[in-house]
Amino acid sequence: MGSTLPLNYVLMLSGIVFAIGVVGVIIRRNLIIIMMSIELMLNAVNIAFVAFARFHGSMDGQVIVFFVMTVAAAEAVVGLAIIITLFRQRQSLDPQDMQLLKW
Amino acid sequence: MSVELIIFFFLSALLITCSLLVIFQRNAIHSALALVAALFIVAILFLTLNAPMLAVLQILVYAGAIMVIFLFVIMLLSPGTPERGRPLWWGFGSLAAALLALEFFAFFLPSQVTKGQGMGAQVAEGFGSPKMLAESLFTDFVLPFEIASILLLVAIIGTVVLAKREF
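Protein sequence lines correspond, in order, to chains A and B. The first sequence begins at 1 in my numbering and counts up one residue at a time. The second sequence begins at 1001 in my numbering and counts up one residue at a time.
Worth flagging that the hints you see were computed from the coordinates, not collected in a lab. What you were told as hints is all true, and nothing was included just to trick you.
Not close to chain B: a few residues of chain A, all C-beta gaps over 12 Å, as computed:
#1 Gln99
#2 Leu100
#3 Leu101
#4 Lys102
Partial chain B-side listing against chain A, Cβ under 8 Å, derived:
#5 Phe1092
#6 Gly1093
#7 Ala1101
All residues carry an ideal CB built from backbone N, CA and C; glycine is no exception.
Construct the complete structure from the given sequences, taking the supplied hints into account.
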């Protein structure tokens, strides 16, 4: 069951979604939405991995996606815990209000 | 144009729309719901790329578990003041997006790697099934698997410590 879908198209979709995630991280001023943009970028990378796994007929790419999901889950949980702690201290989700380490 | 391509373009359009909604909604809840939709579309994309097990995991782990945490945190915090605009960073953001897109498009034009051909490779029977994933996971990738379990343990402990009210 060979596929006629060109690999380039899937990679382009992955690149576009990744770029959208980057823009989200840069322009938004809400920590939670910045985290969601990071999740979007991780998903874009997953699409590329699965496409390459299909292209090469090897399972390795899919295993890496499995690990990316694990790391994303850990990252989301710890990141949100940090956001909750920050919100308790500053009553704000704006990264502009968190400049203690900025000089 | 084959059915496969039509399905792919349809999914792509939906995914890009949902991704744009994630970053351009003012309300964080709306963003989160758009992200859930985007994750579901990625799962369908996985199905079309012969990765059924990952599609199921995507829905269970991402659209299920992770997004529930996100929504929970949004509802827990829900800051009263709306987000202030950031005109200064809009230019930088669009510039970064344009540069990235340019780079990606130049890189993904038909090249030596992909030759612009279809993914014609014949895949084995049951490609992407839980069995094949597990075979790979528990033979070649057994060390990363153990490291991932330690990572999850550390994440659990870290979250409990962070979320405690007083240290």
